[in-house]
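Asker: Take the sequences, apply the hints, and build the full model.
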Amino acid sequence: MTDGCKICLFIITFATGYLLLPTRADAYLDPGTGSFIFQAILGSLVVIGVTVKLFWNRILGLFGIRKTNLSHAKKHEEYNEASKQD
Amino acid sequence: MHFEQVPGSFRDPSGFLFVSDGEIYRQINLSYKNNYDYLFGSGLYDALVSAGLLIPHEEVEIDFPDPNKGYKVIKPTRISFISYPYEWSFSQLKHAALTTLKIQKIALEHGMSLKDSSAYNIQFQDGCPILIDTLSFEKYVEDRPWVAYKQFCQHFLAPLALMSMTDIRLNQLLRVYIDGCPLDLASRLLPFKSHFRFSLLSHIHLHAKAQMRYADTKEKSRKHDPKLSRRAFVGIIDNLESTINDLKWEPKGTEWADYYKDTNYSPEGFEHKKRIVKEFICESSPKTVWDIGANVGYFSRLASEEGVETVAFDIDPAAVEKNYLDVISSGEKNILPLISDLTNPSPGLGWQNNERMSLIDRGPADMTLALALIHHLAISNNLPFSKISDFMSKICKWLIIEFVPKSDSQVQRLLISRDDIFLEYNEKNFEHEFGKYFELKRRIQIKDSERVLYLCRRL
Numbered sequence: 004m005t006d007g008c009k010i011c012l013f014i015i016t017f018a019t020g021y022l023l024l025p026t027r028a029d030a031y032l033d034p035g036t037g038s039f040i041f042q043a044i045l046g047s048l049v050v051i052g053v054t055v056k057l058f059w060n061r062i063l064g065l066f067g068i069r070k071t072n073l074s075h076a077k078k079h080e081e082y083n084e085a086s087k088q089d
Numbered sequence: 007m008h009f010e011q012v013p014g015s016f017r018d019p020s021g022f023l024f025v026s027d028g029e030i031y032r033q034i035n036l037s038y039k040n041n042y043d044y045l046f047g048s049g050l051y052d053a054l055v056s057a058g059l060l061i062p063h064e065e066v067e068i069d070f071p072d073p074n075k076g077y078k079v080i081k082p083t084r085i086s087f088i089s090y091p092y093e094w095s096f097s098q099l100k101h102a103a104l105t106t107l108k109i110q111k112i113a114l115e116h117g118m119s120l121k122d123s124s125a126y127n128i129q130f131q132d133g134c135p136i137l138i139d140t141l142s143f144e145k146y147v148e149d150r151p152w153v154a155y156k157q158f159c160q161h162f163l164a165p166l167a168l169m170s171m172t173d174i175r176l177n178q179l180l181r182v183y184i185d186g187c188p189l190d191l192a193s194r195l196l197p198f199k200s201h202f203r204f205s206l207l208s209h210i211h212l213h214a215k216a217q218m219r220y221a222d223t224k225e226k227s228r229k230h231d232p233k234l235s236r237r238a239f240v241g242i243i244d245n246l247e248s249t250i251n252d253l254k255w256e257p258k259g260t261e262w263a264d265y266y267k268d269t270n271y272s273p274e275g276f277e278h279k280k281r282i283v284k285e286f287i288c289e290s291s292p293k294t295v296w297d298i299g300a301n302v303g304y305f306s307r308l309a310s311e312e313g314v315e316t317v318a319f320d321i322d323p324a325a326v327e328k329n330y331l332d333v334i335s336s337g338e339k340n341i342l343p344l345i346s347d348l349t350n351p352s353p354g355l356g357w358q359n360n361e362r363m364s365l366i367d368r369g370p371a372d373m374t375l376a377l378a379l380i381h382h383l384a385i386s387n388n389l390p391f392s393k394i395s396d397f398m399s400k401i402c403k404w405l406i407i408e409f410v411p412k413s414d415s416q417v418q419r420l421l422i423s424r425d426d427i428f429l430e431y432n433e434k435n436f437e438h439e440f441g442k443y444f445e446l447k448r449r450i451q452i453k454d455s456e457r458v459l460y461l462c463r464r465l
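Quick mapping for you: the protein sequence lines, in order, are chains A and B.
Here the numbering used here is used: the first residue of the first sequence is 4, the next is one more, and so on.
Here the numbering used here is used: the first residue of the second sequence is 7, the next is one more, and so on.
Calculated from the structure, these hints are not laboratory results.
Note that this is a predicted model, so its numbers are computed, not measured.
Cβ atoms here follow ideal geometry from the backbone N, Cα and C, with glycine treated the same way.
SDA-like mimics (lysine to any residue), calculated; alpha carbons at most 20 Å apart, straight line:
{"#": "1", "chain 1": "B", "residue 1": "LYS111", "chain 2": "A", "residue 2": "SER47"}
{"#": "2", "chain 1": "B", "residue 1": "LYS145", "chain 2": "A", "residue 2": "PHE39"}
{"#": "3", "chain 1": "A", "residue 1": "LYS56", "chain 2": "B", "residue 2": "ARG237"}
{"#": "4", "chain 1": "B", "residue 1": "LYS111", "chain 2": "A", "residue 2": "PHE39"}
{"#": "5", "chain 1": "B", "residue 1": "LYS111", "chain 2": "B", "residue 2": "ASN41"}
Over 10 Å on every C-beta distance to chain A, these chain B residues come out as not near it, computed from the model:
{"#": "6", "residue": "SER56"}
{"#": "7", "residue": "TYR90"}
{"#": "8", "residue": "GLU144"}
{"#": "9", "residue": "LEU179"}
{"#": "10", "residue": "LYS293"}
{"#": "11", "residue": "LEU379"}
{"#": "12", "residue": "ILE401"}
{"#": "13", "residue": "GLN416"}
{"#": "14", "residue": "GLU437"}
{"#": "15", "residue": "HIS438"}
{"#": "16", "residue": "ARG449"}
{"#": "17", "residue": "LEU465"}
Answerer: Following this line, the structure appears as structure tokens:
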């Protein structure tokens, strides 16, 4: 996940989750329900995160493929030069 | 046939462990029949057992302790030594967590899911973590959130985060809270910087708040049960896995981490000590050994390398961690490093103080090694020889013990900042008190040292 994605995800989560949820509960405790509901929310965020990451990887891949070809060509050239010197 | 239900095995309606004629069995109840058959039918049992992740068992034909409910009785492979998460070092707990997640991922591939993720379902066998609760699996139900998520965060993630980011000693919270560290407590104890890691922010801090938000059962007015798609489920498991992987702790900086740089043996003396201990072990041929005050396990390995099941206890988390990392890198199978304070060993815990066994109840061992230890018990902890020998007689049949005289430089260090009130601390009294419980069979003085090794056999 890119740094930009991480920051966005963090801000959204922090803002909605942390500021809206209480710090104490005085009621008869049932901790299980909260975990179930929280999982559903977190699961959606994780799926969004993975989808965004895939999307960005595809965009970067279009540039990345050319970059990789260039670096391979350069290494091939360097190897040829080295072989000639032996 | 006489049966006795294992005291810690009663919460799961799917079945329970019992002991008969000294052997452990598990009754599987009819209520679990479909899941048990699916465990085999789906190929999950074979996949997990062949990967060394689930304890193998065989089905046996013996009477049900509870015939009205029984479907089958199985006999799982015996675990050499039962240990608990509050006795594990950082990496032992981390590997137990990763093993649980690995099992969950494989289970999902076979259409099943763990219905609980308790750290007490994991034991160490042949040096590695393994799941011992065969009844933990249920058929995966589409769109249902992971019922064991909260338990995983409390048993594994919270303690590991606390050990890594706050203090290594906080695994002891697992001794106080038998269902794992409460998330609101972990949230308060973690440093503020933990909020800036998305994984810890969500799985611990926000998770804790969500628990409190929905804790009031009177306010439940939701019409639909929360849904979690399979893709999101796997995403959360992957996220937990990378979170656990990223938690680190360096075993250094504690009191005993570099002990062996600080001893007073000459190189020849140290080798002589190793030879004597090895000779004593071969003479008595124990099947099980407890090395107490084992540090990184130099002397424990004199037993484990001979194929003897060895448990290496030490009070220092860094020493136990180093020992365990060596076990993993060398692939050793016969040695289990554990954290234990001999002056305050693990007590019986849980319902009726019986769900988790005390340390003494998990003994006795055939042999105990008490090397370079007696002065710490007698002088640092004010324990008279009579108390020490009484305790030793309860935990072993054979004892290799090193007497460290008062003139020894290490003892002089212990006495620097305190009055010498230990008028009875001498070899004559040592032999007298230990002689009440043990026959002192052999006595050899270590080269270049005033220390003496004894081989004792309980009377």
